[in-house]
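J.: Below are the chains, spelled out letter by letter.
Number of protein chains: 6
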Amino acid sequence: MPTLPPLPPTIIEPMVRRALDEDFGNSGDLTANLLVPEKARNKLYMKAREAGVIAGMQAAQMTYAMVDPKVKFTVKKGDGSKVKKGDIIAIVDGPVRSLLSAERVALNFLGRMSGVATLTSQYVAKVKKHKVRIAATRKTTPGLRALEKQAVLAGGGYKHRESLAAAIMIKDNHIALAGGVDKALKTIAKKADHMARISVEVDTLAQLKKVLKYAPHVILLDNMNAAMLMKAVAIVDDYDGPRPVLEASGGVNLETVAGLAATGIDVISIGALTHSAPNFDIGMDAA
Amino acid sequence: MPTLPPLPPTIIEPMVRRALDEDFGNSGDLTANLLVPEKARNKLYMKAREAGVIAGMQAAQMTYAMVDPKVKFTVKKGDGSKVKKGDIIAIVDGPVRSLLSAERVALNFLGRMSGVATLTSQYVAKVKKHKVRIAATRKTTPGLRALEKQAVLAGGGYKHRESLAAAIMIKDNHIALAGGVDKALKTIAKKADHMARISVEVDTLAQLKKVLKYAPHVILLDNMNAAMLMKAVAIVDDYDGPRPVLEASGGVNLETVAGLAATGIDVISIGALTHSAPNFDIGMDAA
Amino acid sequence: MPTLPPLPPTIIEPMVRRALDEDFGNSGDLTANLLVPEKARNKLYMKAREAGVIAGMQAAQMTYAMVDPKVKFTVKKGDGSKVKKGDIIAIVDGPVRSLLSAERVALNFLGRMSGVATLTSQYVAKVKKHKVRIAATRKTTPGLRALEKQAVLAGGGYKHRESLAAAIMIKDNHIALAGGVDKALKTIAKKADHMARISVEVDTLAQLKKVLKYAPHVILLDNMNAAMLMKAVAIVDDYDGPRPVLEASGGVNLETVAGLAATGIDVISIGALTHSAPNFDIGMDAA
Amino acid sequence: MPTLPPLPPTIIEPMVRRALDEDFGNSGDLTANLLVPEKARNKLYMKAREAGVIAGMQAAQMTYAMVDPKVKFTVKKGDGSKVKKGDIIAIVDGPVRSLLSAERVALNFLGRMSGVATLTSQYVAKVKKHKVRIAATRKTTPGLRALEKQAVLAGGGYKHRESLAAAIMIKDNHIALAGGVDKALKTIAKKADHMARISVEVDTLAQLKKVLKYAPHVILLDNMNAAMLMKAVAIVDDYDGPRPVLEASGGVNLETVAGLAATGIDVISIGALTHSAPNFDIGMDAA
Amino acid sequence: MPTLPPLPPTIIEPMVRRALDEDFGNSGDLTANLLVPEKARNKLYMKAREAGVIAGMQAAQMTYAMVDPKVKFTVKKGDGSKVKKGDIIAIVDGPVRSLLSAERVALNFLGRMSGVATLTSQYVAKVKKHKVRIAATRKTTPGLRALEKQAVLAGGGYKHRESLAAAIMIKDNHIALAGGVDKALKTIAKKADHMARISVEVDTLAQLKKVLKYAPHVILLDNMNAAMLMKAVAIVDDYDGPRPVLEASGGVNLETVAGLAATGIDVISIGALTHSAPNFDIGMDAA
Amino acid sequence: MPTLPPLPPTIIEPMVRRALDEDFGNSGDLTANLLVPEKARNKLYMKAREAGVIAGMQAAQMTYAMVDPKVKFTVKKGDGSKVKKGDIIAIVDGPVRSLLSAERVALNFLGRMSGVATLTSQYVAKVKKHKVRIAATRKTTPGLRALEKQAVLAGGGYKHRESLAAAIMIKDNHIALAGGVDKALKTIAKKADHMARISVEVDTLAQLKKVLKYAPHVILLDNMNAAMLMKAVAIVDDYDGPRPVLEASGGVNLETVAGLAATGIDVISIGALTHSAPNFDIGMDAA
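Chains as they are written, first to last, in this note's numbering: chain D, 1 to 287; chain S, 1 to 287; chain H, 1 to 287; chain G, 1 to 287; chain V, 1 to 287; chain W, 1 to 287.
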């Protein structure tokens, strides 16, 4: 499996710092400090308690580094690795006090991000016969977008728009306020940056036909079922001009996704990847 | 319904700031800025798209306040309110550019926190015939613990330990490293702060009997099924000394929780409340 | 003149805070505090001391707001306004101590950003007969990118890539390391996000021909003179496929820019707009 | 050449962090991550593309350290070094992804600061026959004052007042508001800290004579031409009391500076050193 | 002497950073930079100039690490060590510029925290014949609570409530506003978290009797003299129910503390430990 | 009494924020939230419980503003006001929950800063017959220097050096490392900024005589008793050159200060003002 490029440490470090701040309060781990001898050293194993895909390893590793540089952290299963129940994903080796103090924060990162990666991989598996891509949205957990998008990559998905500032996505209300689709798309053509990608959302096939002639880079087919998506793809295939990327979105779940993928669309974007992924269960064991 | 005391604004503000920073990048909402006229004013309605319990309203309100103080934000359903599908939960009224620019971040807070509150309320409903409490754990989303614990309160649950620094929770590995349960609990009695609450985790009934004589404030019965919990309660009821709070934890779900509650324990703590709550669906509508 | 959409306040506030921190040290304006009576009120006028285009007004206004909310700040010439020598661009009215304490920081923002806007407007004026756009680059002052890109907009230019994360720009060394142009562009097609804009840099006409068939969104013609650019435009015009945006860059100055613009390219990007704009002179006068 | 004392790392680190934050967005360098193999190692050379004086090297070095500690950064020309076109100023050696990801931010620091140093050195060269000093002002780029003042030192200049809190500079409006020059200077004598340096600005020779008797440490001769400065120097030379430092300011440029220096004044302070220095061109080459 | 568990570095680092920021301004140590040769290396000794107990060593060590990692810092007397006049408590060895630049900040931390530890140890010594504990309060220096509580531990005292969020302390005004003591304590029993420790403050013996039946974990006997405390202890000893911890507070000083301790109470909490401890004198010597 | 100029809010705000963060943890004031009804409004009076001088009022006011803008805060005795026991110094009026939640932090600021102001005023009173000034040093509480220096002003004292970056203070070890006093002072004359104030520390009268000819602005007479200081003053009075400011320091206390002041020196600097001032007792009462 190709290794996932890591995020820059400057992006992750403030996330880890906040997590430690909220868990350490004004004094850190009372229990470990009172009961664990200063000299006690040990090796603990982080193990998957279910099958899935790992993500969040950078944050877990940085958590230990910020709590105690004397802890040796060995990654066994990096971001994007498929694991089965019982697999060792990382080993921490060092002063026991530090091993225990940092455990919850490290596991919270790993559990959440591996949950996102695992859910993504389930969607990806459902559509593997098709050329379609599974993509995240901006429906991410506040403050953790970078890690969650990385987790989507780990699961085999794609990241979508970086931020409100990185691309243009035109929706119904933008069009209405701009004075109609023609006026809106002319304004965009005139004012948008040449490095900005432009996407337009349509709810009906009529709208689709209307926007095609403005050659947006992406057309977002919102809340359409498979039958309607098939018609949309046919319209675009028939259109004699530059082919936009076709993205479907809305009401997608693990049951419906394969059907949508079969319609010939290019991308299916799914908020649930990041906003509703259940935790992936990882434990810390002595052996 | 009694109003939930708000969190101090200084706790929420940095969370909102980070969420805006990651969504605004270096320039904010390109699309709204290009297409929405500066003077356009409107009123938009946040509506529940399913039934549940609301939380995260303070963060949503602060999001709008930080994006544009000219937006008037009216709360219709504050934290802890039960809503049904279609209920208006808040109204935002002001410059349309600002209404749209802040929408995703505000909804991300509301969706996640109302998800936690709603899941909590489902657990609470399952055990309402019993005196038991449903409590969260430290398995919270990194950087959002304060809001998530508030959401648990909104759902009718309880918060549990503030941080590693706020109470003592003694687990297996602590006891092993401290040289046995006797030595561990004597050390705690001698060194722990008089304001620190002390909890001991036990995995077996034998351990339970052993720790009872040290009069810990709370005993955490880890991963026991209903039958075993019943025996644990009986042991404690028979014990002639101060009665500890009995907390059960591990492997709890919406199917099993009522059975556990019926055993007579005092508290059931559930990591899933905060780490695996699905998003609560809220939309922004023009009317 | 159409009003420029403002930047979100959360983007500007930390920039202003840092500027005030470095100018106030541990105590603020010693001189004003010792010599200006607490009750003294006045009205001061910020005036252009040369002709140009204004930018940075949001930061100047926020500077005063953060120093003293009792100061009334009236914008006379907002971002993007053309001014002539002597024009009043803003009025500050309130406690004199605060007027003086905040002056330098406010003028430093206005001077730098209006300098960028003015230089941009000079380039824009040189090419106004052509359809070409003048665009900034990532060669911005560390920590001030958002304001400087806004200043480029104020001067009639365009912003270009938001950050390294917002679009893909493939240069020589990327191609070499990826194993050649074919391999590089195939990798990009497979892995790049569907919302990512893709630009490829070419140094020669041979390279231009080679990359055309991969239909990149933008081709950056690096360091080509007008004659060569004309040939490049001709090659692209002759090419039977989707037309990329043609961007020229490198060695552009106020003397050469019109000649380059006349070649038919779409965009000229210029690092000097942000990295070498001289300060725009603004004074603070009593009347 | 004597080495310039470095700035404390705690001053530079937040500047570098902000620059990286704005360039990395939520994910870092998309292009390098997609195209450059994880294992690729290389050595790149930062080279001066023009003659001048280097500054900003600490920030450049810290940029690489924060992006990837595996990159080896070798300084060839530290702050204050004179370089000619083609000189290697630093070498970066390590993972190519990191070399490319950090390049722009590192060069932005070096380009801006070496620009300040180079312009300063040009002023210093013009006055080298005289005892006069070239000094910066508080007209620095918001958020970068520490680095820009360091760059002025690198160019052979002097730093001037640290902040509004570090010294007293009395200007026209202070005197007016304090009730006249006598009252103002008596107030200062009574209230100013014994560690505070005191400077008074004068616009005319009459004012100069008036303030001399209050023995300010520095007199700032504002906007005077060479003829007038000569008279000012003569007045001070004739005065029978402690000699203040004489500083000239206003309307200084590379053409006029030598003439001003010849008048016998002690210091010439120039805002343009920091607010209008053009970028110094540095490239990153493979050999 | 058992070693005191260190605070997590993430708690201390921001405190040290702020202290360095306020002492370094925009450029650091002017004097050392001008006078101390870059190559000068030396070893300096921090010595106690009086007898007492050391605390704050972690902050001092981190101060040097943040100023210059080349400085070797050797702890001779860690937190909690008793020292006599002349004892070497730490050695710093490295570039002299760095040794001097960081000295004041490091000594400010050590002086303040050792002052707290020493004062605490004096109270502890006064009561050593009794089982009573000496505890701090929330009357700590703003921004330094974590270090000051650690210093109290170093002096042999106890920390008390972590924060307003970590335990419940019910005072007069709470009771009045809640509608009387019965209503207040019933509300607490119903709503307070099972992990929250509950303390009630009483001013009179009548109040003491009233609250006993609600079995609070701690009763704070406010502003009672020894005679009254003795009566309070007798009342509690006679009471047939779970024994609360008895804490005395108010008007305690080094003269009165032994008398209070003799009454049989469990804890004496003293604001002066943290808000009025005089500095502990530490010097930096060459040998 | 002349009003003390306030500190810029940007300096105080981060100090208040940190203090609130450490007292509020992840949820704020548990007790007030559980027991005080949401609608309860009240007026509370901050009263001096001893005689002294008030300082820290800005921080106290900002504490309440950050906790709850609905609280009305009325200053009765601003910074620098002399108060007697029982005087009302401020009134807070608003929601009781907020009044109680912010109380401790506000009082911690007021208690510490009024302690510094009061101690300063005691020193000032002792020397009021002499022209001497009482000044602080850099021995301030880490993170609170700005407020503590302001408190010294409130008590009638002076602030001294802003930071290591704001003035030059040459001590023994600097001179030794620079190669002797002549070399050191020549280096300073050549390299120090014209806006930097220069102070030299001497331990003996021989040293005093030696440094006089270099005309430092300030001479710090370290650890000299009154007899020796008198001789020092005589030496300086006899010296035929610019008179430096004479500052005494070391071993000063409330008993010795008047004797030192009588020697004719200009300034007495005292670390104890900021590092050893006992808390000033302020209570919060209902009437």
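Among the hints, erroneous ones may be present.
A short list of chain D residues far from chain W (calculated; beta carbon distances all over 10 Å) [to be verified]:
hint : residue
1    : G25
2    : D203
3    : Q207
4    : V211
5    : K213
6    : G283
Derived DSSO-like pairs (lysine-lysine); straight-line CA-CA distance at most 30 Å [to be verified]:
hint : chain 1 : residue 1 : chain 2 : residue 2
7    : W       : K171      : S       : K72
8    : S       : K186      : V       : K47
9    : S       : K213      : V       : K131
10   : H       : K47       : D       : K131
11   : V       : K77       : S       : K231
12   : G       : K84       : G       : K39
13   : V       : K77       : G       : K72
14   : W       : K171      : W       : K191
15   : V       : K131      : V       : K77
16   : D       : K39       : V       : K213
Please keep in mind that the hints were generated in silico from the structure rather than gathered at the bench.
Glycine is no exception: its CB is placed at the ideal position from the N, C-alpha and C atoms.
J.: What are the numbers of the hints that this structure violates, sorted from low to high?
T.: Structure breaks hints 1, 7, 8, 10, 11, 12, 13 and 16.
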